[in-house]
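Trainee: Counting along the sequence shown from 1, when you hit position 164 you're at 164 in the UniProt record's numbering, and nothing is skipped either side.
These are computed hints drawn from the structure, not numbers from a lab. Mixed in with the good hints, there may be bad ones.
Stated by the list, open to error - For lysine to aspartate or glutamate, the following EDC-like pairs were computed, each having C-alpha atoms within a straight-line distance of at most 20 Å:
#1 LYS291 to GLU303
#2 LYS291 to GLU329
#3 LYS102 to GLU70
#4 LYS291 to GLU330
#5 LYS343 to ASP353
#6 LYS102 to ASP39
#7 LYS291 to ASP279
The structure displayed is predicted, hence computed values, not measured ones.
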Amino acid sequence: MREMMGTIAAIFIIMLLLPMFARYQQQGMDNVKKRQAADHLAEVNHAVAEYVRGNYETLLDQAAPTSGPEIGVADLVAGGHLPTGFSDRNVWGQQYRAYVRKPQDDTLEAVTLTLGGSTAGRMFTTTLIPSAAALLGGAGGFVPSGLIPGQTTDTLQGAFGGWALSLPTLGIPSPGPGHLGARAMFDASSVGQDFLYRMAVPGHEELNSMFTTLDMRDNSVRNVRELQFEHHAFGDTAACGDTEQEGRVFLDADQGLYLCRNGQAELIADTGNSRLFKDALLVADGDLLDKPSCAPGTNTEPEIFVAPSIFSANEKSPPLAAVQAWATEENDTQWRIHMRVLKGDGKGWVYPDANYGRAMAFALCTRRDTDAGD
């Protein structure tokens with residue numbers, strides 16, 4: 001008998017606790033749903049903000065204080081602001097609609113609301129929805145039940161009374177109590193914050209412009225279609241002597257493209273196609289000319305070109321019959337210049353000194369002919 005009474009008492013206590021357990025379970029489920037609804041709306045509101053920034057000039061022309069474009073989830077998915085397959089309904093089956101308004105010149109306001117779905121129950125409209133809005137942060141809001149004095153069903157009420165937005169004033173239909181909302185303001189400064197945009201923003205070329213030196217910190221820039229240089233006068237390149245400028249490339253529109261190498265400005269390419277003349281030297285018979293150092297791995301080798309430039313008859317060489325200029329290899333690092341003229345009196349060749357004979361010589365690295373031995 002005593003054991004039976006104990007069992008009955010235990011069953012009675014469990015029956016008393018069951019409603020409490022059920023209530024806790026329901027509260028847990030409600031908390032999960034509130035969190036999911038807040039996170040879902042946050043994603044949509046962030047996507048709306050990206051959409052407005054990307055279409056700022058167009059929306060600014062289309063919007064007015066009480067009218068303007070409407071944005072749906074399909075628009076956000078099509079614009080790449082939300083992933084494909086993103087649900088257009090929250091956990092309570094409510095859909096989304098964003099309204100863009102222009103409260104003043106050069107300013108846009110986006111109001112995102114949930115529509116339709118489940119809104120039943122006083123607990124839902126007075127407790128669940130306001131607390132879900134609070135989870136969204138300062139931008140979150142809700143449409144009140146109208147049961148609390150000072151709150152109307154045509155107002156978007158900020159969480160914890162942080163702000164209130166009259167929907168009829170903006171020409172926005174109220175979705176009714178039990179719906180969530182969010183708002184965001186945009187002007188030229190918010191569209192063009194201190195970020196370098198990856199995509200073009202119509203009417204705001206400055207968002208794709210650098211206003212200071214960009215340091216890549218030993219990282220690469222790949223897949224460049226073309227580079228465009230600004231004119232930089234050769235006379236301004238004293239900085240090539242600074243070790244920090246090693247590897248710097250600049251364009252002198254009159255001289256050519258240069259590279260700072262070994263403390264000097266080295267010509268890379270000459271837009272005037274006159275490199276051979278600029279690098280040419282006037283040499284005399286017997287002069288030594290250093291071979292250039294050709295970069296390894298470039299399939300190039302030192303080569304010299306010599307042509308007669310200045311020669312005249314003199315007491316050692318009466319009227320001339322012919323002239324020759326060439327170079328021979330002196331050692332691994334130098335060539336020797338040779339120049340001679342053929343006298344017209346039949347007495348043979350003479351080698352004029354520098355006062356009566358000069359040749360033009362230029363040395364450079366030329367690409368080795370890989371087919372020469374075939």
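Trainee: Decide, hint by hint, whether the structure agrees.
Mentor: Hints, verified against the model:
Of the pairs offered as hints, the one joining LYS291 and GLU303 holds, with about 8 Å between alpha carbons and a cut-off of 20 Å not exceeded. Restraint check for LYS291 and GLU329: satisfied, since their Cα atoms lie roughly 10 Å apart, inside the 20 Å limit. This hinted pair checks out: LYS102 and GLU70 have alpha carbons roughly 13 Å apart, not beyond 20 Å. A threshold of 20 Å between alpha carbons decides the hint, and for LYS291 with GLU330 the separation of about 10 Å falls inside it, so the pair holds.
With a C-alpha separation of about 15 Å, the suggested pair LYS343 and ASP353 falls inside the 20 Å cut-off, and the hint holds. Using a Cα cut-off of 20 Å, the hinted pair LYS102 and ASP39 is violated, with the two alpha carbons roughly 27 Å apart. Restraint check for LYS291 and ASP279: the C-alpha separation of about 13 Å stays at or below 20 Å, so the hint holds.
The earlier numbered hint that this structure contradicts is number 6, and it is the only one.
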